[in-house]
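Residue numbers (my numbering), protein chains in the order written: chain W, 1 to 626; chain R, 627 to 811.
Don't read these hints as lab results, they were simulated from the structure. Any given hint could be a false lead.
[Claimed, not checked] Once the Cα atoms are required to be at most 25 Å apart in a straight line, the calculated DSS-like pairs of lysine-lysine come out as: (1) W/K142 / W/K535; (2) R/K700 / R/K768; (3) R/K797 / W/K409; (4) R/K700 / W/K409; (5) W/K535 / W/K568; (6) W/K568 / W/K578; (7) R/K667 / W/K40; (8) R/K766 / W/K221; (9) R/K667 / W/K221; (10) W/K609 / R/K700; (11) W/K168 / W/K535; (12) W/K585 / W/K168; (13) W/K609 / R/K667.
[Claimed, not checked] Derived CB-CB ranges, DEER-like: (14) W/D238 / R/L637: 48 to 56 Å; (15) W/N457 / R/S704: 31 to 39 Å; (16) R/H697 / W/E47: 44 to 52 Å; (17) W/D352 / R/L637: 45 to 53 Å; (18) R/Q643 / W/E590: 28 to 36 Å; (19) R/H697 / W/I586: 39 to 47 Å; (20) R/S704 / W/Q356: 51 to 59 Å; (21) W/G197 / R/Q643: 46 to 54 Å.
Computed from a prediction, not measured in an experiment: that's the story for all the values here. For every residue, glycine included, the Cβ atom is placed at its ideal position computed from N, Cα and C.
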Amino acid sequence: MALFEIAEPGQSPVPHQQQSAVGIDLGTTNSLVAYLQDGKPRAMADEQGRELLPSVVSFTAGKQPQVGYAALAKAADDPHNTIVSIKRLMGRSTLDHSVKTSGYQLVDEDSGVPRIRTAAGDFTPAQISAEILSVLKKRAEKTLDAELMGAVVTVPAYFDDAQRQATKDAARFAGVHILRLLNEPTAAAIAYGLDQGEDGIVAVYDLGGGTFDISILRLNKGVFEVLSTAGDSALGGDDLDSVVAEWLLQQAGEEAQSVSRRQAMRLANSAKHTLSHSPEAVLTLPLGSGKTWKGTLNREQFNTLVDPLISRTLTPCRRALRDAGLLPADVKAIVMVGGSTRSSHVQTCVSDFFGQDVLTGVDPDKVVAYGAAIQAAALSGNHAAGDMLLLDVAPLSLGIETMGGLVEKIIPRNSTIPVARAQEFTTYQDGQTAMSLHVVQGERDTVEGCRSLARFNLTGIPPMVAGAARIQVLFQVDADGLLTVTATEKTSGVQAGIDVKPSYGLTENEIEGMLRESIARSQEDLEERQFREQKVEAERVILALDSALSRDGTEFLTREEQSTLLSKRQDLLDSLQKGDSRTLKIARDELEKASESYVARRMDASVQKMIAGRRVDDVEKQTNEK
Amino acid sequence: MTEPVPLLAILERNYFQLFELPEQFPLDQSVLNDKYLHLQKVAHPDRYATALARERVMAGQLAAYANEAYHVLKGDLSRAQYLLQLTEGASAQQGTSVTEPAILMEQMELREQLEGISQSQNPLLAIDQFANDITVKTQKLKQEFGESFSRKAFEHAKRIVNQWQFFDRLKQEVDDLAAELEEGN
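Please model the entire structure based on the sequences and the hints provided.
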């Protein structure tokens, strides 16, 4: 009887749930949220129809923070409380150059994470990013008219563990469930469908507002591998506007002295846009005294002005190719990212460098978000591209500090993730019950040459004579590129306790505290929000279980096991009605636990089926059915 | 901390068994590639983004195991080492064999030769020649290993692997030096 209920999804007592997943490009200058509609990626717009959201957050005492255009308008008058380019500070320590030179008022605290002092309080970069994510989340839920199930959020390929973790923390503060952190260049390549094409080398040229990145990827049988990245963190589209603005002011002469730089920049920016589709831009600059200056800028003049800047981007291109051991001719496709790559001169220079045409079919401002949206749909099983498999690699080597400040690599750079490596350690003293491990990330042989990630203190080692304990430490990097460490003493089987002190990240306690703060600030009810988040999770679990049971429940479960599972499922459904987040979480955990051996059996079976020498198209068929 | 999740039965297979490949040294790389990608299609955690949390954790373990297995089997030297490790587990042969003096002499001479390259008249040409010699020697060892392993001459195979390891490390140093020399040019 009960199984009938499962076989008919229409009769499911779970309210109809949209599997709403989106892609988010959390950029340095602008952010964007996109989704897949009828198989096509689309950017979501605000009420005024604007798709880009400036990555700017402005704080005012006693008020809600403003995000986007409204915040951008305050940047000039209130620079200390208007935070721009927060992405540059994500996962950075108070000692980092980018943090020290940020120009913001920093609060000195013991924690390695900088806090920026604003009129509304002190905030970490993750908290500030969360404000941007919150706005995008609201926009997505409004557009889809559904609770957001999850998001694929993009990060630069070179982001290290601390920067990725900070991005994940930001999503947690904003209540956004991250399906996957995706590398930006990989996302851009997906938007062009390159993952479906032939194997080969792909270059992603990303000229953002304030940064330039070049990434060399290799597609090899479904694996997108980042071979190398290079860039210039102080060169971007804004610099193009800047040289044009200078030229403008010079042309307008002395009368233009009253014209603000901001005004000139705005005009330069619009001229840049005009020139990407017409040969000439007419410029009108209002001068202070009621007069206006009129002039024209043609494409050739523009090209001459920006040429030195474009040339500067080619140096990192050369370096990235050299690091990958490749020549320009080895590259099969060049993907252009960032609004400034609309300029025909940029396209020509890059084409000339690689000796072939560049790809420009997809809007360069949206290409990263589009790729993320495609991946999000694939992950949530909403898309024919559900068959897509992206295998990423660890961007940097992970190692531990050994005697004399040297580094022993545990997981080398470019290992396909997820990856797990075990390492055995022993004690140096009789009765020693604790030990400390310092984990670093980077390619150099010395600790100073690498970036400190965290210190792990292992406790609860059973006391033994020196050298007798065999402590196996397991380093695991998940599909998002994030590290977890677990330790077991092998002779006794005792699981050692691990206390993590992230060098530049937030501890679990700090995260909890900030989570509460952020909810309070948004004037939400804590319990209500937690219940809502738990509800989405619970519904997802029931859907997943129902779909599994309807396919092979009778194959892998005895009658008795079926009824246990179904009663736990019913408990969870009942808790959904009760409105208490804690009860809901307990019921979900119970159901998860009860499904454990079922899940293991079916996974074992599906793997066995898969590798028992079946032909490719059979396999294809099966995964499509999923 | 998350509580431990029971292991999948499939994780008790060795790397060859995991991909249903014969436990031998010769390997068809394209078959390995195919099996690996098929396995990742059911194992990768991305496949379980909306599944039960337990399922996702297990998939992560499986995918990591598959990555490790693929990595070890793909490399000739690592596959050879792994095969020896499997036979050692079965027959409990332990300990490393002592390197013969003649081989030790050769290794020291090669190292000396490598150190002299930067001072030679045409370092880039010299290093290319040196790298070529190493590749030829490695190829020979690889063949020799395959033969002795299939004859079940495990002790001999182990000695070959020791030499092979030396050449593998030397090749790494040669590559590093070559990159350094090219950079300096």
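Check: Which hints, by number, does the structure contradict?
Finding: Numbers 8, 20, 21, in rising order.
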